[in-house]
Every structure is written in C-alpha cells, then in structure tokens.
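A.B. asks: These are the residues of each chain, in order.
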Amino acid sequence: MRGSSTDGKSGKSLVKMVNIGKWFGKVHALEGIDFEVMCSEVVGLVGDNGAGKSTLIKVLSGYHLADKGEIYFEGKKVNIASSLHARKLGIETVYQEQALAPNLSISRNIFMGREPAKSLGFMDKKSMDRGSMEALESIGLHLRSPGALITMLSGGERQGVAIARALHFKAKLVILDEPTIALSVREAQQVLEFIKQLKREGISVIFITHNLYHVFPSADRFVVLTRGEKIADIQKKDTSIDDLLELIVKPPSHN
Amino acid sequence: MRPFPNKNGQKVKQRLSRDSKSRFVKLFFGYQSSSIFLVLIGLILLFTFFSKYRFSSVANIKVLLALGPEFSIIALGVGMLMVSGEFDLSVGSILVFCSFIFIRLFETGINLFLAGFITLGAGALLGLLNGLITTKAHIPSFITTLGTMMLWRGMALILSQGFTRPFNPEVLPLFSSILTGKIGGVLPVQVIWFGVFGLILWVVLHFHKFGNWVYATGDNKEAARAMGINTDRVKTICFMIVGILCAFVAVSQIARVSTFSSRAGDGWELRAIAASVVGGTSLMGGIGSMVGIFLGSITIPIIENGLVMLRISYFWTYIIFGLVIILSVLSSIYLKRRKLRHD
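If you're matching them up, the sequences are chains A and B in order.
Take the numbering used here: the final residue in the first sequence is number 255, and no numbers are missing along the way.
Take the numbering used here: the final residue in the second sequence is number 343, and no numbers are missing along the way.
For the record, the hints were derived by calculation from the structure and aren't laboratory data.
Every residue gets a Cβ at the ideal spot worked out from N, C-alpha and C, and that includes glycine.
Careful: at least some of the hints might be erroneous.
[Said to hold, decoys possible] Simulated crosslink set (DSBU-like; lysine-lysine; CA at most 35 Å straight-line): (1) A:K118 with B:K336; (2) B:K336 with A:K126; (3) A:K77 with B:K136; (4) A:K170 with A:K77; (5) B:K136 with A:K26.
[Stated by the list, open to error] Not the full set, but computed from the structure, chain B residues with beta-carbon under 10 Å of chain A: (6) H206; (7) F207; (8) H208; (9) F210; (10) G211; (11) N212; (12) G228; (13) L283; (14) G286; (15) I287.
When you get a sec, could you build the whole thing from the sequences and use the hints?
C.D. replies: Encoded structure:
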C-alpha cells in the first residue's frame, strides 16, 4: 500500500526529513521516518494517539532535537535547534490552545514577541492594527476590530487568528496541530476554509489530526504513523477514508 | 467616534447630543479602571464629610501628599510584576535592607548622591535575586519572596541590632530637597516622583514592546515562549524594577524622617498586593492596567489616613481594607460581565 511522495507533481520539495529517529530514554518515539512536504501542498499527518505525530512535528518546529537523521529545507541541509530558528526558516507551528494570550487583543497577539517598533522600542500600534486586519482578511476572516480580546472570539476565529499570524510573518510551512479538536461543526468548517486559503496563497500545510473526515477533503496526501514508524505515504487519489482508517487501526508490521 | 459630516449632518448631531450621555456612561463603565475610580471618589467624599472636613484640610492633604507616595511608588512596581504573573512579598524587607545600606553609606561620609545610586543598585540586585531564584529554580514567587522577606528583614535587624540611626539632611540640602522638598513651598516633591514613576511605567506597560511581553508572559506563558519571548527575563526585569523602586523609597523615606528604623516598610507587602487587586489586576497575571494600579496604589494610603481623620481606632483599618478589596473586586467582575453582555 505504499504510495510515492516523490512523483514531483506538486512541484519543488519544501522540506525533507530523512531517516529521523528519536528516543525518550529507552522509548523509541520515532524510527527511520522519511517525511517530505512539497511547495503549496497540504499533507495530512494521521495516526492514533502515541503514534509519534506530535514528536515528528516538534522535531520539525525546533522543539525537540532529533537523535538521528537529516532535515533539508528548500534543498539545504538545516539543523533546527530552536523554535526561533524554525520560524526564521519560515516554519510556523500553531499549537491548539497554547498559541494565544486570551486577555490580549488580536493585534497584540498577532505581533506578540515581534512587535513592529518605532524608535526606542515603542510599538507602532497603527501598523500592528493594519497588519492584523490585512492578515485576517487574507485568510477570509472578517472580524470587527483588531482591538477585540481573544476571549471574545469563537474557537474557530481563534484558530484563524493564529493562522493569520503565521501568514503575516511569511511562513512557507504552517503546521497545524489538531486545529479542529474541540470545535463545533461550523467552526471546524471555517478552519478547513482557512487551510484552503493557505494553499491558495502558496503555503504548505501539515495538518495533524485524528479526524479523517476533516483532513480528507483538505489534504493532497496522507502520511500514516503507527508507533513511531511511517506505514503509509499516499496520494489522495489512491486512497479513501476507509482505507486510511484501516491503516491507522491496523497493528504495525514490517512487511 | 467623531461624527463625520454628511448630508444629514444636522440629524446626526442631534441624535448624538441626546445619546452622548448614555454613550459616555457606557464608555465609562466599559473601561477597566472605572470601578476603582468610583470607589476612590466614594471614599474621598465619605472621609471628607464624616471627618467634618478634617480630611480635606490643607494640613492633612499636605501630610497625605508627602507620606502617601512612599507606599504608592512601590505598589506601582508590584502591580506591574503581578501583570507578569508573579508576586513580591519581600518589598518591605528590601526597603528596610536598602535603608540600612543607605544609612551605613551616609555614616561613611561619602557623597549622598553616590550613596543613593549605590542603594538603587543594591535594590536592583535584591530584585534580580528574587527573579533568578523564581525563574531558574521554578519556585513559585510567593515562596521565593516569602523567604527573602524574612531573610532581608532579619539581616536588617541583626546588622542594626534593632536600633534607630540618625541621618542628617543638612549634610547636603540639595539631596534632601530633590527627594522631600516642597515645590513653591507647598506641593511635596514626592508627589512629582510618584507621578513620574507612574508615567514611566504606564508608557512602558502600554506602549512599549516590553509591556506587551509582560502581558503575554502573565496571560499565557507557553504562548509567549512559543513566540520567542524570553519570559524568564521579562519576569526578572519586573522583579528588578520593584527592587529599584523599594530602594528609591528607602532613600527618600530616610531623607524625610532623618532616621533609619528597622520597622520601615513593615506590612507593606500585602498592602501592595491589595492595592493592585483593588486596581483591577488579576492574581493570575495578564490582566491589569497602569491606570488601575495607580488608582489602587492611592486608595490604600487614603484609607489609612481617612480613618485617622475620622478618629476611628486604627484597628478598624484592616476591616476597611478587607471590605474595600472585596467590594472593588466584586464591582469589577460585575462591570466585566456587563461589558461582555453589551458586546
């Protein structure tokens, strides 16, 4: 059932992870993982709990350092040592619930830690407000005011703000960790629209989820992990939701 | 929201004047610091009338303006620290320890300005220590500063043996007049210092990048860290600001009373936290404004002074503190709900 990720149809390779291995003490979290994302491709990274999805993503976003393997970004070998480094390369990770400060305004959240400054480090609030509204509108999210507090937004809108932040800072790859979990059906649908918009903007997306019904319509390709190993890497046209589900729940084998 | 001129300009204007009152009320209640402002006005009126205008006498206002800022300046720093999500219980002890450092420097006969700056440095160092222990060892600041509170008070007591020591402001009149003089022979200069510190911290907290980092750190530390903010450094700097303010007050207090006392700053730690809470600062961090903290920091000395003017037993002070804290928190919760409903 192995598909091919190197048919080159989606264009150039954006990020390529080769033979990644990661141990936590004696636990083998990742083993021999090859993972590639093309430019403006949406990849669904699926698997059951403890399959290693989050660990793989944390290696890519600079949160963990891999014990083995290599990472190439836009063809160049990179050693992603910190989340700051990952962001400088253009890899933005949107962790659910951890991404925003609830009692701060939208614009203060979008520019958190990267505030545009006039002289002496004073924030340029006008450009923050303008930049926020532009970023939100570019993913099709129309909110009243950049001064609204995050607590006043719905779950879907919050994800939108986090995604807009990635977009504003010229991300080339946006990693969404369970973006639709804990959202209502309508809000989840809104988030899926954001993902389509990202693809239209030419940005690559890694979409991590349990929910195949959410990921299937939005992704171009699926990578299935089980117990730290990649068991499938398959184009959407070659598979179905039922096939993927079977792969996820199937006990791992090495044949 | 200025009305822009259009064809129906006349009409718009008319409607505005009718609605402007309710709009003002709505705007006022939507503002975070409104509740403390009302509490403050209420207290001032209460004290003025029930003290038969002793509270509003010129003599009393002069006393209030000279003494009040000492506490209030420290409370400003504590408020900002609380926005970053940490506490400082050691403010009174940092104050007394810095007082001791300053009096010993005075006794050696060095230039008072130099002594003052060394004391400020010592305050910053004590704040740095609080910050480093809290952030590097992952100890809740409540515990860290409980420890340093006892430590520095104890050190001041041992080194001074509990005796008072005299300070002579005549050595350098300029030094004393900068810290405790009266502008035009009337307005205590401490008020100006309080205003200046308030203004600086307001600008930093609301308009500078650092202020956004303080809010983000207090509101969601993980998010702030994920966005590349060094939350440990932000917190440590806030601790250092508190230390510097304590040292400043230590020096200015000695200049005012011309004596070192090992009881200086006793009991200020909880009052400073109370001032911030009354001013709308969250105990969890991330919520609060410098305007609210400023008003809260004035409230506490006003209550203390007002009760004296009412000739009510000092013992009542704590009961009134307790009631004011609870009432102001309740009213701010009420206003917040109201705001959420109306939005």
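A.B. asks: Are the hints correct? Go through all of them and say.
C.D. replies: Going down the list of hints, with the structure as the test:
{"no.": "1", "hint": "A:K118 with B:K336", "verdict": "holds, 33 Å"}
{"no.": "2", "hint": "B:K336 with A:K126", "verdict": "holds, 26 Å"}
{"no.": "3", "hint": "A:K77 with B:K136", "verdict": "holds, 34 Å"}
{"no.": "4", "hint": "A:K170 with A:K77", "verdict": "holds, 21 Å"}
{"no.": "5", "hint": "B:K136 with A:K26", "verdict": "holds, 28 Å"}
{"no.": "6", "hint": "H206", "verdict": "holds, 9 Å"}
{"no.": "7", "hint": "F207", "verdict": "holds, 5 Å"}
{"no.": "8", "hint": "H208", "verdict": "holds, 5 Å"}
{"no.": "9", "hint": "F210", "verdict": "holds, 7 Å"}
{"no.": "10", "hint": "G211", "verdict": "holds, 8 Å"}
{"no.": "11", "hint": "N212", "verdict": "holds, 6 Å"}
{"no.": "12", "hint": "G228", "verdict": "holds, 4 Å"}
{"no.": "13", "hint": "L283", "verdict": "violated, 13 Å"}
{"no.": "14", "hint": "G286", "verdict": "holds, 5 Å"}
{"no.": "15", "hint": "I287", "verdict": "holds, 5 Å"}
Hint compliance for this structure: hint 13 is the single one not met.
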